[in-house]
Amino acid sequence: MIDVRDLSTTHGRRPVLDRVSLRVAAGQVTAVVSPVAAEATSLVRAIVGLDRAGTGSALIDGAPYGSLDSPLTAMGTLLAGAPAHPARTARDHLRWMAAGSALPSRRVDDLLEMVGLGSVAGIKVRDFTPALRVRLGVASAMLGDPDHYVLDDPLRHLDGLDALWLRQVLRRLAARGKAVLVTGDSLGRLAAVADRVVVLGHGRIVADEDAAALRAQARPTVVLRAERQGELFDLLQSMGADVTPRLTDDGVSLEVSGLSAQRINEAAVGFGVLSMVETDDGLADTLARLAGGAVPRVAVLAGGGMR
Amino acid sequence: MITAATNAERIRFVGIRGWVPAVLVLAVAGLVLPLRHALAVATDPALPPASDSSAMVPLTGVGVLGLAVAAAWSVSREYSTGTHDVARLLQPSGWRWVLAPMTVHALVSSVAAALAALLSVVVVAVVTPGDRQEGLGTMSAAPMVARAAVVAVFVVVVAVAVASVLRRTGPTMAVVLGWPLVVEPLLSGVPAARPLLLRSAVPTAICGPSGVPDGSWGSVSAAMAWLGLLAVGAFGVAATVSRR
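First to last, the protein sequences are chains A and B.
In this text, residue positions in the first sequence follow the numbering used here: the first is -10, and each later residue adds one.
In this text, residue positions in the second sequence follow the numbering used here: the first is 2, and each later residue adds one.
There could be a bad hint or two in this list.
Here are the computed distance ranges between Cβ atoms for each label pair [as the list claims (entries may be wrong)]:
{"id": "1", "chain 1": "B", "residue 1": "28", "chain 2": "A", "residue 2": "53", "range": "43 to 51 angstroms"}
{"id": "2", "chain 1": "B", "residue 1": "139", "chain 2": "A", "residue 2": "53", "range": "39 to 47 angstroms"}
{"id": "3", "chain 1": "A", "residue 1": "75", "chain 2": "B", "residue 2": "20", "range": "15 to 23 angstroms"}
{"id": "4", "chain 1": "B", "residue 1": "25", "chain 2": "A", "residue 2": "0", "range": "52 to 60 angstroms"}
{"id": "5", "chain 1": "B", "residue 1": "25", "chain 2": "A", "residue 2": "191", "range": "48 to 56 angstroms"}
{"id": "6", "chain 1": "A", "residue 1": "251", "chain 2": "B", "residue 2": "83", "range": "50 to 58 angstroms"}
{"id": "7", "chain 1": "B", "residue 1": "141", "chain 2": "A", "residue 2": "53", "range": "43 to 51 angstroms"}
{"id": "8", "chain 1": "B", "residue 1": "83", "chain 2": "A", "residue 2": "249", "range": "16 to 24 angstroms"}
{"id": "9", "chain 1": "A", "residue 1": "111", "chain 2": "B", "residue 2": "25", "range": "20 to 28 angstroms"}
{"id": "10", "chain 1": "A", "residue 1": "2", "chain 2": "B", "residue 2": "230", "range": "32 to 40 angstroms"}
{"id": "11", "chain 1": "B", "residue 1": "20", "chain 2": "A", "residue 2": "59", "range": "25 to 33 angstroms"}
{"id": "12", "chain 1": "A", "residue 1": "119", "chain 2": "B", "residue 2": "20", "range": "48 to 56 angstroms"}
{"id": "13", "chain 1": "A", "residue 1": "268", "chain 2": "B", "residue 2": "28", "range": "53 to 61 angstroms"}
{"id": "14", "chain 1": "A", "residue 1": "59", "chain 2": "B", "residue 2": "172", "range": "32 to 40 angstroms"}
Everything labelled a hint here was simulated from the structure, so no lab data went into it.
Just so you know, even glycine gets a beta-carbon here, dropped at the ideal spot from N, CA and C.
Same shape as in the complex, but just chain A (with noise of 0.2 angstroms):
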């Protein structure tokens, strides 16, 4: 279990956590929201001992990080960005990581294939997508296959299959029993994989809601393309959507709204779908009232996209 308790960290004078508790259960995955980044950022960070706690704590099975023997194989972590020397290539970064740890290389490979990095392991990391380190951090936190996992912002580059990937990816570390914390600004997107929401305004706890009924809410904007296209505009209208023909770089797309995602994947199936791409979680006017006008008005308009 990851336990934070009474964790208020600053950033120079500014305070960023006010005495913030939270406790990531076993078998669960925790998603934390903050509209704004350096929250859940400082979070992460405390949590994992590279950031200073003002006051309180933050125990990994009844330790902090910065006494464990072996944190890798207690803890895995995505930090914000992934971030990787650009010179060194996929599997020399985790090379070093396991031999930083004094931990057998021999899980490199199979992790690098693990997060379908097989075929890109031997190209520098300058070269990546985002999409792409951000898969290589995932492996890094994987590689001591710890028992808890800590992820900033994994979500913010990722979308389609990258983004339904990571779901997955989570959803089967907590199956496993692993103590899942992942961090956001979107809350849609967050409460597709969490058990459990909880948002951050003004720096505290304001809101823990269970991440189910938060789905139910949710009327995402979804912009998609597809070889039969007049028919499922015909089939999404008659289903009670608000569909708009938009005219893009690859032609005809259409934005669908007023249904929840699952409604829109399962009515395009069968229609040849080319692209699918969720533009707005459907969800920033329930962030901003949780968090209790933390929201920049800019974040609202933009669908939680303010990072």
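Assemble the complex: chain A is given as a structure, and chain B must be docked to it using the hints.
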């Protein structure tokens, strides 16, 4: 666990081809500049004869500075790319991640400096005519070669410590380059400060006091002790800062 950190640093060093600057220093300070010096001595009778000390002048200046810059650049890049944070996840103890790159860079720089010193003597001895040589030979240069290796360790430790404290490539380069190229020339006008300067201590520690313009150390061991003291102090500061 310091062994693990050092092993990881070795992988990092090889992975980013950190040895390339050492090879460049070897080529420039051990081959190109000594060759230029030898040709000048051979063709210009007004110049003093070539010696072990004169052959190593490029190493004591450009060579040592190049090794320091390369080490400081490499370590500061770890901070600017966020990789240092990942390193802290592997082993939360900060000083290990100061000591590990120091160890690897110092080792590589030490070998590069010794090879450059040896090569420079060989190049000058081969190219310069016998009558234009004075006290030049690999046997007589052996103590200088050994001292060059030690001095490289001290200077690189200081450079890595600066990078570990400043943590940004720009300020680190400003200090590592600005100190010998800007600050020391200014301070050399102050007689009291002159012996403490690297531009005086480094050549004295490697070649001895004779022939060093600002050399007022009197002995190799005193200059070597001063550089060692600087290195220990710099490591202490870096280790202390890294614990914050």
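Okay, the hints, checked on the actual structure:
no., hint, result
1, 28(B) <-> 53(A): 43 to 51 angstroms, "holds, 49 angstroms"
2, 139(B) <-> 53(A): 39 to 47 angstroms, "violated, 56 angstroms"
3, 75(A) <-> 20(B): 15 to 23 angstroms, "holds, 18 angstroms"
4, 25(B) <-> 0(A): 52 to 60 angstroms, "violated, 40 angstroms"
5, 25(B) <-> 191(A): 48 to 56 angstroms, "holds, 53 angstroms"
6, 251(A) <-> 83(B): 50 to 58 angstroms, "violated, 37 angstroms"
7, 141(B) <-> 53(A): 43 to 51 angstroms, "violated, 58 angstroms"
8, 83(B) <-> 249(A): 16 to 24 angstroms, "violated, 37 angstroms"
9, 111(A) <-> 25(B): 20 to 28 angstroms, "holds, 25 angstroms"
10, 2(A) <-> 230(B): 32 to 40 angstroms, "holds, 37 angstroms"
11, 20(B) <-> 59(A): 25 to 33 angstroms, "holds, 30 angstroms"
12, 119(A) <-> 20(B): 48 to 56 angstroms, "violated, 30 angstroms"
13, 268(A) <-> 28(B): 53 to 61 angstroms, "holds, 55 angstroms"
14, 59(A) <-> 172(B): 32 to 40 angstroms, "holds, 34 angstroms"
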